[in-house]
Amino acid sequence: MPYLTGGLGDDWLETICAVAGAGADAIEIGVPFSDPVMDGTIIQQANDRALSEGATPQSILAAVSGAAADIGVPTAVMTYVNIAHHMGYERFASSLATAGVSGCILPDLPLEEVGEWAGCADAAGVETVLLAAPTAPDERLPRICARSRGFVYGVGLMGITGVREELAASATRTAARLKAVTDRPVLVGVGVGTPAQAAEVCEVADGAVVGSAIVTRMLEGAGPEGVAALVAEFRSALDAAHS
Amino acid sequence: MGEPSADGRFGDFGGMFVPEPLVPACQELDRAFRSAWGDPAFRDELDRLLRDYAGRPSPMTECPNLSKELGVRILLKREDLNHTGSHKINNVLGQALLAQRMGKTSLVAETGAGQHGVATATAAALFGMDCVVYMGTVDIARQELNVFRMRLLGTEVRAAETGSRTLKDAVNEAMRHWVAVADTTHYCLGSVMGPHPYPWMVREFQRVVGEEARCQCAEILDGGVPDVVTAAVGGGSNAAGIFAGFANTSAELVGVEPAGGAAVGRSVPGIVHGSRSYLMQDEWGQVLEAESISAGLDYPGVGPEHSHLAATGRATYEQVSDAEVIEAFSLLSRTEGIIPALECAHALAWVSRARAELAGRTVLLNLSGRGDKDVDQMMGILG
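Order-wise, the sequence lines are chains Z and S.
Numbering follows the numbering used here, in which position 173 of the first sequence is assigned residue number 215; successive positions increment by one, without gaps.
Numbering follows the numbering used here, in which position 210 of the second sequence is assigned residue number 1100; successive positions increment by one, without gaps.
Quick caveat, the hints were computed from the structure, so don't treat them as lab data.
Idealized CB from N, CA, C, for every residue including glycine.
Any given hint might turn out to be false.
As the list claims (entries may be wrong) - Examples of chain Z residues lying across from chain S (beta carbon under 7 Å, computed):
hint : residue
1    : Met80
2    : Ile113
3    : Leu183
What the hints assert, rightly or not - Computed spacing ranges between beta-carbons, pair by pair:
hint : chain 1 : residue 1 : chain 2 : residue 2 : range
4    : Z       : Ala218    : S       : Arg924    : 31 to 39 Å
5    : S       : Gly892    : Z       : Glu262    : 47 to 55 Å
6    : Z       : Asp225    : S       : Ala896    : 50 to 58 Å
Working from the sequences, and respecting the hints, build out all of it.
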């Protein structure tokens, strides 16, 4: 599942469609926020640039809504809780549903705080995906999995988003711990930056979320074809590993 | 001003809105603080440090010249006379002692004006801990003396180069840093903000200001309390500390914000940096950049307990302009021979503006820091 920052450049929507055509199973669309504390420099830059180009939650969701047929795979929005809070949880949830977005990831809304939002999302038919971290105690993981909808997002390492030289040992370990306590699909993100790393983590996990590597291409101006080519490399590596 | 609820809230404000990887660290800190705060040995050790190292109790100063000029009786709580020059040392010694008790070997902190950064660097030197302080590049330029102080104390100062490149962005960087190293590192947050337990814990570590002031006022005022207690509010730690000593009295509590950072003045709730509180933001919930002459108040949010005090009416919050602050900075220097930090000059700026309605009354003002760090900047403005 690739992550792309919404509103980044003139061709971000075409890029999402191209990425879907290149073999993405689903797409995570970032709605930029001014203070993304879970994100490293690449996605921070992407957020800042998209915001300076005038991206808003409304403009991104309107564009996604209009292109739903062309995208053709499930989408989830990733943003920070203040975007939803400011619009109002009910209104934000229904605007996601109206735009045809299946899921929502709010990384600064942990299990203890998720209730109010999750109630609104459930009512609107939007799946709230929760994060599970390598440091979560054993008793916490089943509670996270029980409240998560759609899939469970395993955080690959203790840190922020970004590409690392090697896949952290905590990525597969966290995936294995989650697989042991849930039937929901387990996707691992944060620190999964190359096709080989994605293949490695998917030996245990059901999928990988790749953000910074893809957003780097967007920031470099690779365009829809250039970004789709990278996604195709991830697809091939995963298919080869599972054939 | 008591304990927050079990979910870390003061009324509708507060909470623990952090990425999942930081939840265990915040919960560990909550347990550790509760245990330490109830442990007489910890309290004794902290009291000893505050006395022998930081120089507490800080005095209370009557201001005859200033009082005559304004027609308002003014008492100053002299946090500017603490070691490192501000109230920040109270909180930092508490957190460093707690970090040591938790077995942490490193500290990370954010700083705006540099006062909290210097205090943290000082505690790190004292406790033999490694220390990294994040500071926005804009603040590094306007507070270069404090940057040098931190480096002299053995701390690594890192630039926060994203966003508005001020205090808010330094907090972002400190939180990002902490996520990766929470097992060995304590995040020494400088104000009554952030996720639970920080707003509560930092207020408790600053409570000493209010408790001392309460006793000192009783002596000066024949057992009474001042009519008004006032303090500057950025995140709000010095205000929370002094308010805590008077919240259960008849004293009016007045927080003073910079006009360009008026989170309470605008009263729009938001969620950033771990808690729900009043927050300056645009129509889509993007956090706005605060603008103030004082780097220490250049923050678009405010501690959640202040939002609660404002919402319940127990405290009121006033806003002053940079021009009023500059005038107050000169006023206190000229009348009393005390050069205040630009932060607490905000509180005096409000007293000066409101002197007609305050006439004949007694105002306790928390002089949270000394102005040495601001002299260079003010030389450029006043010539």
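Cross-check of the supplied hints:
Interface hint at Met80/Z: satisfied, since its Cβ lies 5 Å from the closest Cβ of chain S, which is below the 7 Å cut-off. The interface hint given for Ile113/Z is violated, since its Cβ lies 23 Å from the closest Cβ of chain S, which is over the 7 Å cut-off. A cut of 7 Å between beta carbons decides the hint on Leu183/Z: the least distance to chain S is about 11 Å, and the hint is violated. Between Ala218/Z and Arg924/S the CB atoms are about 34 Å apart, so this pair conforms to the stated range of 31 to 39 Å.
Distance hint for Gly892/S and Glu262/Z: a CB-CB separation of about 54 Å, consistent with the stated range 47 to 55 Å. With their beta carbons about 32 Å apart, Asp225/Z and Ala896/S fall outside the hinted range of 50 to 58 Å.
Checked against the numbered hints above, the structure breaks hints 2, 3 and 6 and satisfies the rest.
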